[in-house]
Amino acid sequence: RTLLSIQLSKEITPDQLETIKKMLIQRGKHRKPLQQILGEWEFYGYIFKVNENVLIPRSDTENLVENCKHLLLDREEVAILDVGTGSGAIAITLAKELKKSKVTALDISTEALVVANENKVLNNAENVTFLLSDVFSALENSVDKYDLIVSNPPYIPLNEYDELMVEVKQYEPRGALTDGGDGYYFYEKISKEAGKFLKDGGYLAFEVGYNPALKVSEFMEKN
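Per our numbering, residue 2 is the first one in the sequence shown, and the count goes up by one each step.
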């Protein structure tokens, strides 16, 4: 707002005005998310391209990244695995913040991986590799182990999905929001299988909604 008041005398060209009008219609009438209208959004100080094929990076997930970063600060060179990477926001941010890390990021969506690779180039994150994978399937024959496995999986229960705002339900990929069931499928599956890919003393970190934390911790303790 301050910048706007300083630049009130700046002229807007007819082309710019037309662009602004189209954006306003998309946002006001059709309720398209601002992030998708602009085509990019900031996450943890980095810029990420976004579209309808990826979840919009949210400030809540910055808390996950912050905690993961601090867990690994005392390790010289770390291997990180991001399951369900989407736009690549978690993987790329950790790669940038932990300069000596080697990050592998997985997603089942080819469309999402196109965006993730664009963000890799945009942020010059050469220490990130993106792979097409249904959870851990691409790593079945791998001997690599990781200091950290991190995931922000689809966790909205199907009965809550129908109640989401238009901005979310209509414009963000369903597969990145809900598992089509009770919201626990990926937490349980990843918790069961993560041990095969974690180093001794490695970490498994999830983002959770406001309700599932206790049950997710039980999956992790059990496995």
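Fair warning: there could be bad hints in the mix.
[Said to hold, decoys possible] Computed Cβ-Cβ distance ranges for the label pairs, DEER-style: (1) Glu78 to Lys30: 47 to 55 Å; (2) Lys22 to Leu159: 17 to 25 Å; (3) Thr14 to Val115: 39 to 47 Å; (4) Lys23 to Ser138: 25 to 33 Å.
[As the list claims (entries may be wrong)] Below are the DSBU-like pairs computed for lysine-lysine, each with C-alpha atoms no more than 35 Å apart in a straight line: (5) Lys23 to Lys100; (6) Lys33 to Lys22; (7) Lys33 to Lys101; (8) Lys22 to Lys101; (9) Lys22 to Lys100; (10) Lys200 to Lys190; (11) Lys50 to Lys33; (12) Lys70 to Lys30; (13) Lys193 to Lys70.
Don't read these hints as lab results, they were simulated from the structure. Ideal Cβ placement from N, Cα and C applies to all residues, glycine included.
TODO: Sort out whether Lys101 lies within 35 Å of Lys22, counting only the CA atoms.
DONE: violated, 45 Å
Task: Status of the given 17 to 25 Å range, CB of Leu159 versus CB of Lys22 - done: violated, 38 Å
- [ ] Sort out whether Lys100 lies within 35 Å of Lys23, counting only the CA atoms.
- [x] Since the Cα atoms of Lys23 and Lys100 sit roughly 41 Å apart, the hinted pair is violated (cutoff 35 Å).
- [ ] For the pair supplied as a hint, Lys200 and Lys190, confirm whether the alpha-carbon distance does not exceed 35 Å.
- [x] holds, 18 Å
Open item on the list: Given a hint of 25 to 33 Å, does the C-beta separation of Lys23 and Ser138 actually sit inside it?
Closed with: For Ser138 against Lys23, whose Cβ atoms are near 41 Å apart, the range 25 to 33 Å is violated.
Open item on the list: If I claimed the Cβ atoms of Thr14 and Val115 lie 39 to 47 Å apart, would that claim hold in this structure?
Closed with: Given range 39 to 47 Å: violated, Cβ gap about 32 Å.
Open item on the list: Can you confirm whether the C-alpha distance between Lys193 and Lys70 stays at or below 35 Å?
Closed with: Satisfied, since the Cα-Cα distance of roughly 24 Å is no more than 35 Å.
Open item on the list: Tell me if the straight-line CA distance from Lys70 to Lys30 falls inside 35 Å.
Closed with: violated, 40 Å
Open item on the list: So if I understand the rule, the pair passes when the alpha-carbon distance is 35 Å or less; does Lys33 with Lys22 pass?
Closed with: This hinted pair holds, its Cα atoms lying about 14 Å apart.
Open item on the list: If I claimed the Cβ atoms of Glu78 and Lys30 lie 47 to 55 Å apart, would that claim hold in this structure?
Closed with: holds, 51 Å
Task: 35 Å limit on alpha-carbon distance, applied to hinted pair Lys33 and Lys101 - done: Not OK: Lys33 and Lys101 at ~38 Å, beyond 35 Å, violated.
Open item on the list: Tell me if the straight-line CA distance from Lys22 to Lys100 falls inside 35 Å.
Closed with: Distance ~42 Å between Lys22 and Lys100 Cα, so the pair is violated.
Taken one by one, the earlier hints fail for this structure at numbers 2, 3, 4, 5, 7, 8, 9, 12, listed in ascending order.
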